[in-house]
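Novice: Below are the chains, spelled out letter by letter.
Number of protein chains: 2
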Amino acid sequence: MKDIEILINGVLNSDKRVIAKTLTKVENETSDSEELLEELYKHTGKAHRIGITGPPGAGKSTLTNNLIKLLSSLGKKVGVIAVDPTSPFTGGALLGDRIRMQESGLLENVFIRSMATRGSLGGLCKNVVEASDVLDAAGMDFIIIETVGVGQSELDIAQTADTVIVVLVPESGDAVQAMKAGLMEIADIFVLNKSEREGADAVAATIKNIIHLKPATEDGWIINVLKTVGSKNEGTEELFKEIEKHRNHLLDSGFIRKRRMLHLEKKVIDLVNNKLKVNFWDKEKTQLLTNRLESMIDRDENPYSFVKSLLS
Amino acid sequence: MKDIEILINGVLNSDKRVIAKTLTKVENETSDSEELLEELYKHTGKAHRIGITGPPGAGKSTLTNNLIKLLSSLGKKVGVIAVDPTSPFTGGALLGDRIRMQESGLLENVFIRSMATRGSLGGLCKNVVEASDVLDAAGMDFIIIETVGVGQSELDIAQTADTVIVVLVPESGDAVQAMKAGLMEIADIFVLNKSEREGADAVAATIKNIIHLKPATEDGWIINVLKTVGSKNEGTEELFKEIEKHRNHLLDSGFIRKRRMLHLEKKVIDLVNNKLKVNFWDKEKTQLLTNRLESMIDRDENPYSFVKSLLS
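Sequence lines, in order, name chains Y and S. Take any residue in the first sequence, count from 1 to its spot, add 3: that is its number in my numbering. Take any residue in the second sequence, count from 1 to its spot, add 3: that is its number in my numbering.
None of these hints come from the bench; they were simulated from the model. Please note that a few of the clues may not be correct.
No copy labels: a pair is met if it fits in one copy or bridges any two.
As the list claims (entries may be wrong) - Computed list of lysine-lysine pairs in DSS-like fashion (alpha-carbon distance at most 30 angstroms, straight line):
no., residue 1, residue 2
1, K311, K261
2, K49, K24
3, K248, K280
4, K72, K49
5, K45, K286
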């Protein structure tokens with residue numbers, strides 16, 4: 004059997020070691036990773052993908068961990084992708100709160116993977132969708148994608164997940180500020196975590212008011228605000244019920260297909276645009292740009308005409 | 004005189020009305036906008052560009068407004084670009100704190116422009132650099148680019164500004180959380196705003212400690228943490244002194260050229276990549292993608308081979 008067939012069979016059989024190896028190839032974009040993804044694609048589409056996002060410190064990892072344990076106890080197969088912003092000068096020392104989650108990775112039927120964002124400024128790393136496809140092909144019932152909610156990453160998670168959970172805390176500041184950060188627009192479910200803290204009811208009420216201002220979504224889903232206390236594992240079952248409710252809503256209304264077609268369209272466009280860039284910026288063109296920067300910075304030529312000449 | 008010459012002369016003469024008109028063209032990417040930018044480019048490079056970023060609610064607009072007034076009183080010409088995340092369902096109702104800033108726009112030698120991020124999820128809109136070029140050509144001494152700090156926007160601002168100011172507040176949560184959001188890595192100056200509040204000294208000390216962990220920057224600049232109370236206009240002069248100190252450091256060390264060459268390189272790459280996309284995705288290819296989504300979602304074909312056929 005060819006190497007690639009061994010990997011594919013391993014993934015399809017949920018072999019944790021092989022899944023890990025395949026994810027590493029996908030993350031590093033090795034020469035055979037595209038062939039792997041191409042082969043695995045036809046086995047995808049069964050898992051329900053849950054995105055969990057929110058501002059730093061909202062307790063997303065703790066909630067994720069609670070969900071993992073619950074899903075596992077219900078006999079569900081769970082894949083988790085935890086997106087970590089890497090910091091070039093701390094070298095990953097910030098990942099402490101992920102360590103507790105790794106323990107859950109020892110549970111049977113649970114597979115957890117940390118992926119680092121390359122740019123260190125948050126955002127979903129570009130291969131998260133592909134990594135989800137691997138976990139999907141591996142037969143996971145649920146895939147949880149957890150990412151720190153800073154800008155681009157919310158947009159990305161909304162374009163990947165079937166159900167998007169936005170986690171806030173009473174200290175997240177007034178809800179208007181949260182809206183500024185764009186979180187309100189992508190949520191299928193709001194979670195107010197650390198809800199035993201002062202001001203929780205007021206913040207929950209404000210979020211509910213803002214939701215009412217929002218025009219009804221096309222698919223008729225009504226966004227709910229749930230209260231949890233992640234550290235005490237309170238509200239996890241209610242959260243899972245709400246996820247199931249949203250999932251059934253998507254399935255019953257048929258909007259799951261529409262949503263996934265949008266995700267797929269985005270995926271194809273991203274694949275193409277990335278290849279256009281990679282194909283264009285060969286060694287010669289990159290060198291040419293480097294050589295001309297001096298004359299452009301000195302205003303002897305201008306970037307617009309340089310770009311024109313480069314493209315013609 | 005041709006229309007475009009009238010615009011260019013107007014910008015070069017700091018005619019506020021013409022600057023506004025030109026910026027609208029640049030923002031909307033009208034057919035003549037590139038020619039305008041091409042002509043204006045040789046008149047750029049004189050302004051010092053200040054980026055102000057930080058989490059929602061940190062008081063960036065108030066600080067910006069204080070800086071505008073101070074710079075104006077010193078006889079400096081100031082251009083401001085305030086990047087607003089637009090919300091599709093509030094329609095811009097969040098911009099209240101920018102209204103106060105608009106009053107400063109009535110000052111002579113001050114030009115203020117709000118630009119909306121298209122995606123509504125923060126981030127610098129793609130024409131901010133070009134808009135800064137227009138203000139630069141218009142003879143501004145300082146250009147302030149203010150953006151809500153959510154993810155991608157910090158990276159963008161760091162790739163545009165000569166001096167990056169990161170604004171935090173005592174409530175920004177522990178500094179480790181702020182680091183997670185990547186803010187620590189792009190700051191030339193930290194401002195702890197609302198520093199009359201409880202816990203300010205502790206947060207300032209934590210930020211200083213974290214800065215010490217960071218390897219010295221290549222150019223030898225030492226990042227400082229300043230305390231301000233924006234609402235009382237406290238600390239504004241100290242902040243301007245620190246900006247001037249950083250500016251002189253860049254000029255004396257010659258690192259301003261290096262920094263701006265990196266910005267220019269990024270700008271050219273972005274211009275090219277954007278044109279590659281626009282040129283590729285013509286009506287025919289877009290339609291082809293739409294037509295094939297059904298069969299891809301049904302797993303009858305896979306996106307990877309479709310992308311290959313599309314590119315060949």
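Novice: Now, for every hint given, state plainly whether the structure supports it.
Specialist: Cross-check of the supplied hints:
1. K311 <-> K261: Result: close only across copies, 24 angstroms inter versus 39 angstroms intra.
2. K49 <-> K24: within (22 angstroms within a copy, 52 angstroms between copies)
3. K248 <-> K280: For K248 and K280, the Cα distance exceeds 30 angstroms both inside one copy (41 angstroms) and across copies (39 angstroms).
4. K72 <-> K49: Classified as within; 21 angstroms inside a copy, 59 angstroms across copies.
5. K45 <-> K286: between (36 angstroms within a copy, 28 angstroms between copies)
The structure fails to meet hint 3 from the earlier list, while all remaining hints are met.
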